[in-house]
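> Heads up: the protein sequence lines correspond to chains P and A, in order. Here the numbering used here is used: the first residue of the first sequence is 1, the next is one more, and so on. Here the numbering used here is used: the first residue of the second sequence is 1, the next is one more, and so on.
These are calculated hints, taken from the structure and not from any lab test. Note that the Cβ used here is the ideal one computed from N, Cα and C, for glycine as well. Heads up, a few of these hints could be off.
[Claimed, not checked] Distance ranges between label pairs, derived from CB positions:
#1 A:T322 <-> P:A32: 58 to 64 Å
#2 P:G105 <-> A:K199: 38 to 44 Å
#3 P:W208 <-> A:A256: 35 to 41 Å
#4 A:T271 <-> P:S137: 28 to 34 Å
#5 A:A308 <-> P:A32: 33 to 39 Å
[What the hints assert, rightly or not] Each computed BS3-like pair below joins lysine-lysine, with the alpha-carbon atoms no more than 30 Å apart:
#6 A:K277 <-> A:K203
#7 A:K338 <-> A:K69
#8 A:K124 <-> P:K172
#9 A:K305 <-> A:K328
#10 A:K124 <-> A:K167
#11 A:K196 <-> A:K255
#12 P:K192 <-> A:K124
#13 A:K223 <-> A:K351
#14 A:K196 <-> P:K159
#15 A:K69 <-> A:K199
#16 A:K351 <-> A:K339
#17 A:K203 <-> P:K159
#18 P:K159 <-> A:K339
#19 A:K277 <-> A:K223
#20 A:K351 <-> P:K172
#21 A:K351 <-> P:K159
#22 A:K167 <-> A:K305
#23 A:K338 <-> A:K124
#24 A:K196 <-> A:K69
#25 P:K159 <-> A:K167
#26 A:K203 <-> A:K69
#27 A:K339 <-> A:K305
[As the list claims (entries may be wrong)] Here chain A is said to cover these stretches of chain P; the calculated rule only asks that three of the stretch's residues, wherever they fall, bring their Cβ under 8 Å from a Cβ of chain A:
#28 3 to 12
#29 256 to 270
#30 326 to 333
Below, each chain spelled out in residue letters.
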Amino acid sequence: MSPRTTRVVLAVGAPVLALVMAFVITSLVLLAAGDSVADVWAQILSVPGHRAIVNIINAATVYYLSAIAVAIGFRMNLFNIGVDGQYRVASFAAAVVAGEGWLPGYLNTLLAVVAAVLVGAMWAGIAGLLRVTRGVSEVISTIMLNAIATALVAYLLRKVAVDDGGNNTATKQVPEGSRVPGIQIFDDVTVKVYGFVFLAALVGFVYWFVLSKTRFGFDLRATGRSETAAVASGISVKKMIVVSMLLSGGAAGLVGLPLLFGNDYSYGSTFQSGLGFAGIAIALLGRNHPIGIALGALLFAFLDEQSNSLQIVVGVSPDIVKITQGVIVLTVVIAYEVVRRYRVRLEQRQVAAALDEPATIEEAKA
Amino acid sequence: MRRLTKTAAVAGVVALVLAGAACSKKSDDSASTETGGENCVEKTDDMKVGMAFDVGGEGDQSFNDSAAKGMKQAACEFGFDFQTAEAQDGEAESAREGRLQELVDAGYNPVVAVGFAYSASVGKVAAENPDVSFAIVDDAVEGDNITNLLFAEEQGSFLVGAAAALKSETGNVGFVGGVETELIQKFEAGFIAGAKAVKSDIKVQTRYLTQPPDFSGFGDPAKGKTAAEGMFDAGADIVYHAAGGSGGGVFEAAKAADGWAIGVDSDQALTADDSVKDIILTSMVKNIDVAVHEFLKSVHDGAVKTGAQVYDLESNGVGYSTTGDHLKDVADQLEDYKKQIVDGTIEVPTKP
Chain P
1 MSPRTTRVVL
11 AVGAPVLALV
21 MAFVITSLVL
31 LAAGDSVADV
41 WAQILSVPGH
51 RAIVNIINAA
61 TVYYLSAIAV
71 AIGFRMNLFN
81 IGVDGQYRVA
91 SFAAAVVAGE
101 GWLPGYLNTL
111 LAVVAAVLVG
121 AMWAGIAGLL
131 RVTRGVSEVI
141 STIMLNAIAT
151 ALVAYLLRKV
161 AVDDGGNNTA
171 TKQVPEGSRV
181 PGIQIFDDVT
191 VKVYGFVFLA
201 ALVGFVYWFV
211 LSKTRFGFDL
221 RATGRSETAA
231 VASGISVKKM
241 IVVSMLLSGG
251 AAGLVGLPLL
261 FGNDYSYGST
271 FQSGLGFAGI
281 AIALLGRNHP
291 IGIALGALLF
301 AFLDEQSNSL
311 QIVVGVSPDI
321 VKITQGVIVL
331 TVVIAYEVVR
341 RYRVRLEQRQ
351 VAAALDEPAT
361 IEEAKA
Chain A
1 MRRLTKTAAV
11 AGVVALVLAG
21 AACSKKSDDS
31 ASTETGGENC
41 VEKTDDMKVG
51 MAFDVGGEGD
61 QSFNDSAAKG
71 MKQAACEFGF
81 DFQTAEAQDG
91 EAESAREGRL
101 QELVDAGYNP
111 VVAVGFAYSA
121 SVGKVAAENP
131 DVSFAIVDDA
141 VEGDNITNLL
151 FAEEQGSFLV
161 GAAAALKSET
171 GNVGFVGGVE
181 TELIQKFEAG
191 FIAGAKAVKS
201 DIKVQTRYLT
211 QPPDFSGFGD
221 PAKGKTAAEG
231 MFDAGADIVY
241 HAAGGSGGGV
251 FEAAKAADGW
261 AIGVDSDQAL
271 TADDSVKDII
281 LTSMVKNIDV
291 AVHEFLKSVH
301 DGAVKTGAQV
311 YDLESNGVGY
321 STTGDHLKDV
331 ADQLEDYKKQ
341 IVDGTIEVPT
351 KP
């Protein structure tokens with residue numbers, strides 16, 4: 001094998017290994033529960049229908065934004081567990097701004113997007129400031145901020161909620177003219193792909209460009225790899241921590257927007273939650289790479305969507321897919337480490353072989 | 001290596017969070033396609049009923065179970081097939097729409113959605129499938145083919161509030177709400193109004209266990225216990241809970257404090273754990289099963305009533321239970337309040 005093919009095989013090998021392991025473990029759980037393993041996989045791995053395809057793309061759009069927000073922190077060696085709280089605070093703020101409709105049409109949408117980014121960045125910025133001024137680990141502070149976000153949004157939601165006659169508590173609806181139209185890709189189903197799928201693609205591109213092609217991105221990655229080296233080369237680590245938390249939070253602010261402008265049109269007690277945690281899993285799965293994250297987001301969305309009808313078709317609780325997703329996260333970390341160690345050993349062997357060769361030639365001369 | 005440890009730790013946490021929902025409940029739906037009971041009629045009807053549960057699904061000993069009970073009784077009586085599907089915590093709106101549409105696609109008609117979370121999705125899917133009958137529990141979403149099964153929880157809560165005030169020796173009672181939603185606030189409002197109607201200077205302590213979107217307050221007995229303990233410590237002698245599965249903790253606290261507890265949704269003096277049955281003063285009964293049964297009967301008879309069907313004190317959709325006979329000495333007063341609510345003399349507030 002040429003070195004190039006070896007590299008590709010190893011890069012693809014890790015996630016494949018992880019998925020296979022996750023499938024085996026899930027099957028064991030199903031066996032232990034006495035459910036039909038074959039029926040479950042047949043349903044989950046069946047070809048999705050038109051409605052399901054649209055739902056998968058939509059769910060992946062939201063997951064992608066969340067995972068990118070997490071990945072920005074990861075690249076800087078910051079664990080932003082708080083994407084969950086950040087997107088909920090930001091979505092709420094955006095829903096209030098958009099619902100008020102201070103500006104006409106899409107200007108209103110734009111204003112809401114800006115509000116979401118600012119609020120998300122601010123919420124994450126609290127953790128960044130605590131880290132640089134008081135040395136509080138961002139893992140702890142962001143988890144705490146998630147809980148505070150829940151309480152704060154619930155409190156504010158009751159202040160601004162409109163009475164819809166039912167039992168749901170929600171903000172004012174986004175005016176028709178400010179909603180983002182969906183893209184009809186199949187004529188036979190009414191569901192549409194969120195228009196904000198382009199926003200997700202744009203965010204992915206910007207993420208790749210800034211991190212890989214700019215001085216700032218280099219500084220960020222360098223600081224993530226080694227703080228001491230970064231300091232030695234004149235990078236202000238404190239500044240980098242605050243800036244990357246702000247960026248991560250800003251991206252987190254976008255997470256709920258496809259839902260808000262494409263489907264729900266208001267923020268209420270039934271708004272999708274837990275997206276931030278899914279984002280961490282997907283960022284790990286996608287190795288913080290914009291394409292890898294996209295594949296991870298699609299995989300998670302695929303599993304979610306295919307499991308929705310599991311109960312109706314096979315009679316098994318869709319919760320089984322949560323186990324699969326959880327196991328994937330664990331196996332992926334293990335698989336990457338196994339492959340990394342294998343690669344290191346492979347390199348050592350190559351180096352050893354390269355060092356050996358001239359020696360034998362000299363011996364032959366002598 | 002340090003980095004790996006950190007990554008592995010985070011991965012572990014994420015895996016736990018993801019799997020958390022899955023571990024906390026069992027998948028017991030294997031039996032969901034069977035009809036309960038022995039003396040059921042043969043499956044002759046070609047009606048197929050689909051039921052979409054709220055978070056918690058079957059086995060929550062509360063809300064969802066009550067709806068399932070009504071459906072199973074009807075299935076037994078009229079002989080039809082049914083299928084259930086359960087919601088996941090924090091799912092997207094599209095998942096709820098997808099679930100309802102899947103049921104419709106699989107030929108289920110009517111479709112019963114349990115809980116207000118389905119409000120928007122029932123509205124949308126019902127409009128797209130005008131030939132299918134829909135029912136939704138606890139929500140008023142409108143449509144030509146939607147039946148709304150609504151309950152006057154505040155009226156039932158008023159009566160147990162009055163009962164609490166009549167029985168309280170300390171002049172201090174408590175209310176534990178599961179999650180602070182508009183629905184649970186109706187229970188609180190009714191309870192407070194009932195207690196104050198009896199004794200205007202009574203002290204009512206109020207606590208909610210969680211705030212949305214954290215719905216764990218409906219299924220966390222430990223939280224319920226802590227909240228109720230605080231109330232008993234502060235002088236309450238009777239605590240009413242509207243907290244689903246967390247109510248078990250309220251009962252334990254009442255037992256330990258030698259006080260009383262008031263149950264919710266079903267007659268909990270019959271359904272709660274044996275060790276705490278004797279401290280349940282009464283329960284605010286909300287007959288979801290009756291409402292679901294009536295709806296399915298109307299579909300079966302070809303006489304569906306769409307729009308709001310309100311189950312209140314008058315129609316016995318809500319009420320209070322008398323298991324244990326703890327309310328014998330105040331029964332007359334409670335019946336008097338009931339009469340006043342039914343004839344409109346007392347109007348019970350729905351917001352605290």
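> Is it true that G105 of chain P and K199 of chain A lie within 38 to 44 Å of each other by Cβ?
Hint violated: Cβ distance 57 Å, outside 38 to 44 Å.
> Check the hint pairing K338 of chain A with K69 of chain A against an upper bound of 30 Å on the C-alpha distance.
Since the Cα atoms of K338 of chain A and K69 of chain A sit roughly 27 Å apart, the hinted pair holds (cutoff 30 Å).
> At least three residues with a C-beta closer than 8 Å to a C-beta of chain A: is that true for the stretch 3 to 12 of chain P?
violated (count 0)
> Does the structure keep K124 of chain A and K167 of chain A at a Cα separation of 30 Å or less?
47 Å, violated
> Are there three or more residues in the stretch 256 to 270 of chain P whose C-beta lies closer than 8 Å to some C-beta of chain A?
With 5 residues close enough to chain A, the hint holds.
> Hint check: K339 of chain A vs K305 of chain A, CA-CA at most 30 Å. Holds or violated?
27 Å, holds
> Do the alpha carbons of K351 of chain A and K172 of chain P lie within 30 Å of each other, as the hint requires?
20 Å, holds
> Can you let me know if the beta-carbon spacing of T271 of chain A and S137 of chain P is within 28 to 34 Å?
45 Å, violated
> Range first: 35 to 41 Å. Now tell me if the beta carbons of W208 of chain P and A256 of chain A are that far apart.
Given range 35 to 41 Å: violated, Cβ gap about 59 Å.
> Given the hinted pair K167 of chain A and K305 of chain A, is their Cα-Cα distance within 30 Å?
Answer violated: K167 of chain A to K305 of chain A is near 41 Å, above 30 Å.
> Given the hint that K351 of chain A pairs with K159 of chain P, test it: the Cα-Cα distance must not exceed 30 Å.
14 Å, holds
> Under the criterion that the straight-line Cα-Cα distance not exceed 30 Å, is the pair K305 of chain A, K328 of chain A satisfied?
38 Å, violated
Taken one by one, the earlier hints fail for this structure at numbers 1, 2, 3, 4, 5, 9, 10, 15, 18, 22, 23, 24, 25, 26, 28, listed in ascending order.
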